[in-house]
Amino acid sequence: MTRNKKLVLWLVFPIGFIAFWELIVIVADLPPFILPSPSLVFDRFLISVKDGTLLTHSLTTLSEMLTGLFVGTSAAIFFGYIIAKSRVFEALISPILVSSQAIPIVAAAPLLVIWFGNGFFTKALICSLVVFFPVFVNTVIGIKSVPRQLSELAKSLNASKWQILIMLEIPSALALFLSGLKIGATLSVIGAVVGEFIGADEGLGFLINLGRGLFDTALVFVAVLTLMFIALVLYGLLSWVEKSVLYWNDHQKASVLK
Amino acid sequence: MKHVFTILLVFTLLTSCSPLEISLKKTPEPTIVRLPMGYIPNIQFAPFYVALEKGYFAQNGIELIFDYSFETDGIALVGANQVPFSLASGEQVFLAREQKLPIRYVYTWYRDYPVSLLSTDLSLMSLEELKGKQIALPGLYGASYIGLRALLYSAGLSESDVNLNPIGYTQIESILAGAEQNVIVYSNNEPILLDAQGVEFNQFSVAEYFNMASNGIVTNEHTIETNPELVTRFLNAFRQGIEDTISNPDEAYEISKQYIENLALADEAIQKEILMASISMWQVEPYGSIDRENWANMLEVLVKMELVKSGMTPEEAYTDQFSK
Numbered sequence: 001m002t003r004n005k006k007l008v009l010w011l012v013f014p015i016g017f018i019a020f021w022e023l024i025v026i027v028a029d030l031p032p033f034i035l036p037s038p039s040l041v042f043d044r045f046l047i048s049v050k051d052g053t054l055l056t057h058s059l060t061t062l063s064e065m066l067t068g069l070f071v072g073t074s075a076a077i078f079f080g081y082i083i084a085k086s087r088v089f090e091a092l093i094s095p096i097l098v099s100s101q102a103i104p105i106v107a108a109a110p111l112l113v114i115w116f117g118n119g120f121f122t123k124a125l126i127c128s129l130v131v132f133f134p135v136f137v138n139t140v141i142g143i144k145s146v147p148r149q150l151s152e153l154a155k156s157l158n159a160s161k162w163q164i165l166i167m168l169e170i171p172s173a174l175a176l177f178l179s180g181l182k183i184g185a186t187l188s189v190i191g192a193v194v195g196e197f198i199g200a201d202e203g204l205g206f207l208i209n210l211g212r213g214l215f216d217t218a219l220v221f222v223a224v225l226t227l228m229f230i231a232l233v234l235y236g237l238l239s240w241v242e243k244s245v246l247y248w249n250d251h252q253k254a255s256v257l258k
Numbered sequence: 001m002k003h004v005f006t007i008l009l010v011f012t013l014l015t016s017c018s019p020l021e022i023s024l025k026k027t028p029e030p031t032i033v034r035l036p037m038g039y040i041p042n043i044q045f046a047p048f049y050v051a052l053e054k055g056y057f058a059q060n061g062i063e064l065i066f067d068y069s070f071e072t073d074g075i076a077l078v079g080a081n082q083v084p085f086s087l088a089s090g091e092q093v094f095l096a097r098e099q100k101l102p103i104r105y106v107y108t109w110y111r112d113y114p115v116s117l118l119s120t121d122l123s124l125m126s127l128e129e130l131k132g133k134q135i136a137l138p139g140l141y142g143a144s145y146i147g148l149r150a151l152l153y154s155a156g157l158s159e160s161d162v163n164l165n166p167i168g169y170t171q172i173e174s175i176l177a178g179a180e181q182n183v184i185v186y187s188n189n190e191p192i193l194l195d196a197q198g199v200e201f202n203q204f205s206v207a208e209y210f211n212m213a214s215n216g217i218v219t220n221e222h223t224i225e226t227n228p229e230l231v232t233r234f235l236n237a238f239r240q241g242i243e244d245t246i247s248n249p250d251e252a253y254e255i256s257k258q259y260i261e262n263l264a265l266a267d268e269a270i271q272k273e274i275l276m277a278s279i280s281m282w283q284v285e286p287y288g289s290i291d292r293e294n295w296a297n298m299l300e301v302l303v304k305m306e307l308v309k310s311g312m313t314p315e316e317a318y319t320d321q322f323s324k
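These protein sequence lines map, in sequence, to chains A and B.
With my numbering, letter number 258 in the first sequence gets 258, and the count goes up by one each step, no holes.
With my numbering, letter number 188 in the second sequence gets 188, and the count goes up by one each step, no holes.
FYI, nobody ran anything at the bench for these hints, they're computed from the structure.
A portion of the hints provided could be inaccurate.
Which residues of chain A face chain B? A few of them, derived with a C-beta cut under 8 Å, are [claimed, not checked]: (1) 33; (2) 113; (3) 198; (4) 214.
Remember, predicted model here, so these are calculated numbers, not experimental data.
Note that CB positions come from ideal geometry on N, CA and C, so glycine has one too.
Sequences and hints are given; from them, build the entire structure.
The following block contains the structure:
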């Protein structure tokens, strides 16, 4: 597909969607509390941009997300590496980590608020818990995916553990790790919002709650669309990082295809 | 001749009963009403459980289904005419109407606004002394927030005079952990639970300072216009449930056990105390009647908070045609 065709598709689909949305509201004569029109949502967006509320709340949520993403990813790399390298740890920790994923974060979040208060720390912690698992699983698979022949070759060449990690394991695991990180980054949005739903006076989750409490559905849409935008930007950034770091992967694929 | 007469008689009987009339003579199908409760199953809903168990809703041609969801979601459903009724506190009606939701309050259930400020700081003797203090509350919306604002308003304080800390519904735990000293709670629930834990506190009830329109039944304008007798039937059944609960709380408690999963395992003394505290707030004379002053007070607070800007009057929020 040519660049121009891509651009046209990128423009046509959102414009068509917004036009369809506006049309539904007009034809069905829907009141704003059921479905606000795109123009009403845009008006509400402008108001919240002008009075600074959207920026303040977005920055709060973003800082919770990024902190959670950093902490969750760091923990996932640490535990992922240990479990990938040690069968004993795998047998001990894996069942706990896997079964912990069955705990709905909305059930755990109120407990975390009671234990740690309702400040920034708890929200970042909830985010990190949500981020942890996809990054962890991909890290373990990535580290384990090092071809045995290469591993044995490195050992036969007397490569140190550090050399094996830097020159073999990290490059092998990087593609899967970054895929997990992309999933984790988008999930961190959910983590931040869940934390803010439980108790907050700032953040986009709080703004959604406020909009619901005031029956201001347009405000709910503004907050939700902003969250989607943040998730999209984070995903795009990580995709760019992935493409830049794994440029050799594309070359490899291309050479295989040739 | 005899046969002819018999045939004529059967023919007359058959033609006199048209299919329409036959169907009308059947027992009419009950109207299914899904009721958003605004909270989890709780002893405070005993009148509904009693009315359902004793068949008052069935006698009024209603099949009642409980829907334990958020208060605002229930009101939105009523506004969208997806359900005919919901439980709601007074301020929600103004807030909803401000956003053009065509809902109206039709029946007062709680006489008093059921929100209180509890303080474990026993030196705090008046609301004015709250200045500069931290107050924890579930969130910056809903009845708790409006109740707090009314308390501050009556003490001549504003929101900026205090430090608000939204903590979700963790007031009891926060007090017990010593994390908070001043919390906003429901008057008929948390004070009893804290008392049972041996915690000493001072209570400042909103109703004592600035009473406002409290919890009751809301419907939408479509139902009022097209099906007013459904409203009457629903409120009749509910009123009978309230009357029976007030006259026989022990029986109401036993009935409620069937509807509240863990009530049989809960501390009966505490739960009965919560029921009695709730009953004391249901003493509306006559049942369901609208207190115009409370509605005017409520609107005054909401206008002051700039949550209502459209210039609506208190009368737009309610109708007393079903509670006279």
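Verification of the supplied hints:
no.: 1; hint: 33; verdict: holds, 5 Å
no.: 2; hint: 113; verdict: holds, 6 Å
no.: 3; hint: 198; verdict: holds, 4 Å
no.: 4; hint: 214; verdict: holds, 6 Å
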